[in-house]
Amino acid sequence: MDAVFDVPGAPWVAVSPALATVRRAVLGLTVAPVVAVVLAAAVVSPELLVVWVPVLVAVLVAGAVAFWGLARNAASWAYAERDEDLFVRHGILVRRLEVVPYGRMQLVEVSSGPLQRRFAIASLTLHTAAPGTDARILGVPADEASRLRDRLTALGEAQAAGL
Amino acid sequence: MTGQRVVEQHAVEQEAPFRRVHPVTPLLRGGIFLLAWLGWLVNRSFDGDLARWEVAISGGVTVLAGLVLGAASWWFTRFRISSDEIRVDSGFIMRKSRRVRIERLQAVEVQQPVMARLLGMAELKLEVAGSDGSVKLAFLPLAQATALRQEVLARKGTGTAGTAPDAEQQPEVPLFAVDTGRLAASLVLRTGFVATLGFAVLGVVVGAATGTPLGMPVVLGAALAVGSFWVRQMLSWGRFTIAGTGQGLRIRNGLLSLRSQTVPLGRVQGLVVVEPILWRLFGWARMDVTVAGVGGRPDDEAQQIESALVPVATKAEVLALMRRVHGVDLAALPMLRPPRRAGWVDPIGRHYAAVGVDDWVVVTRRGMLTTRTDVVPRAKIQSVSLRQGPLERRLGLASTQVHVPSGPVAALALHRDQADAWWLTHSLARPR
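Residue numbers (the working numbering), protein chains in the order written: chain A, 101 to 263; chain B, 1298 to 1729.
This is chain A alone, in the form it adopts within the complex:
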């Protein structure tokens, strides 16, 4: 990462590599049925093979691009805990950085789906009074997520600024 998305005073903490695995698993679970349906269709109506082959190729290419992109994107998620605010960044093509002062946090939410639990990761979402605040951290290791939640909640109470 170049200097613009650098952070003074605290190190960037990368999220778990399991995030990429989970995303790839979800991708696989989405693409596999589509491929199966296209193959089945090709078997049922072979006279339309001229349609099915390009469709299959398109699905596979899109899947491959997503397979590569999702992993790269997953690696871009990181956060940094500073004295007074939390930095969250993500994105490769379009890069985003959200800075949330602890005193503005209203709610810290940790969620984890079945697949995420299988890999012991969770998503952490910070809510402020502004709906535009987009401070999610995907793929935080589960125990780190609960530590972070407790720490952020405590800091939020200590530095609360209100409306």
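Hints in this document: simulated from the structure, not taken from any laboratory. Values in this document were obtained by computation on a predicted structure and should not be read as measured data. Worth double-checking, as some hints may not be accurate.
Derived list of chain B stretches under chain A, where covered just means 3 residues or more per stretch with a C-beta under 8 Å from a C-beta of chain A [said to hold, decoys possible]:
(1) 1683–1694
(2) 1698–1707
Negatives, chain A to chain B, calculated, CB over 12 Å [unchecked claim]:
(3) 139
(4) 142
(5) 146
(6) 150
(7) 152
(8) 193
(9) 241
We put the CB at the ideal spot given by N, CA and C, even for glycine.
Add chain B to chain A, keeping to what the hints say.
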């Protein structure tokens, strides 16, 4: 101990007896019955053979039912204002009792729908934070509604029981009154209005050119849409005035139905001056405000009215009001433009984008068709984000966005040099 508390509570109840709304309420509410009956009559007369006895009997039944139901509903609607809550009981089949904690009240408004206004009546609308919505007390004589409003606000202010102190009856300082002629003209210059007219003209021209009788219905439809929009907007925005009081800004508007609301200055989260392209020809602008607790749907017409501070005025007037009420002098704040190379990303918008920061506020300007200038007090910033698209990255640019509670304000500093944007993001997020 328990006994004593019961006695105390009893004493409080003695102190604040239940009150009823004005007895004329069922008549005002009964208008619906009458309308339903008239609708039925019209419908029936189209079927033919509408006998006189039919009219008489149905009319009698309607009036009787309306009166009985109205009277019953009036009798069972009672309210009581005690030291810390307002209780409203209503309904005679399904009893309903709502309690509103005074400290939770977001706003207290006096409204006058047309019919009520003819009789000098008003309703009191109690806005509560959250999804509970509002509680309405209808109808009360205007003077009583105003007095109740003062009483509730006084209790909210002091947190104790007692009659409204005279300090609450502070004189209002008139700050702004909309110019009716300019309002009428400004509505015509709204984008939707102009677009509809444009389409109608296009329809007529195409109709004439191709020789198809397409013209009339299109023109009629457009005229109807445009006309009703104009009338509706004039009715709700007409006689828009702002006055300063000890409690904040008192906003009144409406030609037929009057609405009055108070914006507490401390809850203002940001302001936005909006200048649509056609208004800029005349140097006009409008100003909207984001108030904590009044958030939500920006497309909603009611929401638009709730967040309006100035429906239309010259830009100088708007800036003067902003300086006087919020202490922000936009003319004195140096606005920084994006670097020239931003033209590669946004050739037109670059000329309109700018950002200015001082110790108290951050101001951003953007938009060619509709130029908007967002003003956010730095103390109200919730979070700040930095965004860099692929093209911006090539050029070493980035944009900084400031997040505030939901409302019309959305401050966004477009296409800054990335070091600038980084500094902005950092320093704006620092709590003040």
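Taking the hints in turn, this is what the structure says about them:
Under the rule that three or more residues need a Cβ within less than 8 Å of chain A, the assignment of the region 1683–1694 of chain B holds, with 6 such residues. Three residues within the 8 Å Cβ limit are the bar, and the region 1698–1707 of chain B against chain A gives 6, so the coverage statement holds. Distance check on residue 139 of chain A: its Cβ is at least 36 Å (rounded) from any Cβ of chain B, clearing the 12 Å threshold; non-interface status holds. The claim that residue 142 of chain A is not at the interface with chain B holds, since no C-beta of that chain comes within 12 Å of its own (minimum 38 Å).
Every beta carbon of chain B lies more than 12 Å from that of residue 146 of chain A, the smallest distance being close to 43 Å; the non-interface claim holds. Residue-level check passed: residue 150 of chain A sits 36 Å from the nearest beta carbon of chain B, beyond 12 Å. Annotated as non-interface, residue 152 of chain A keeps its C-beta farther than 12 Å from every C-beta of chain B; the closest such distance is 35 Å. With a closest Cβ-Cβ approach of about 5 Å to chain B, residue 193 of chain A is found to fall inside the 12 Å limit, against its non-interface label.
At roughly 24 Å from the closest C-beta of chain B, the C-beta of residue 241 of chain A stays outside 12 Å, upholding its exclusion from the interface.
Violation of the numbered hints given earlier is confined to hint 8; every other hint is satisfied by the structure.
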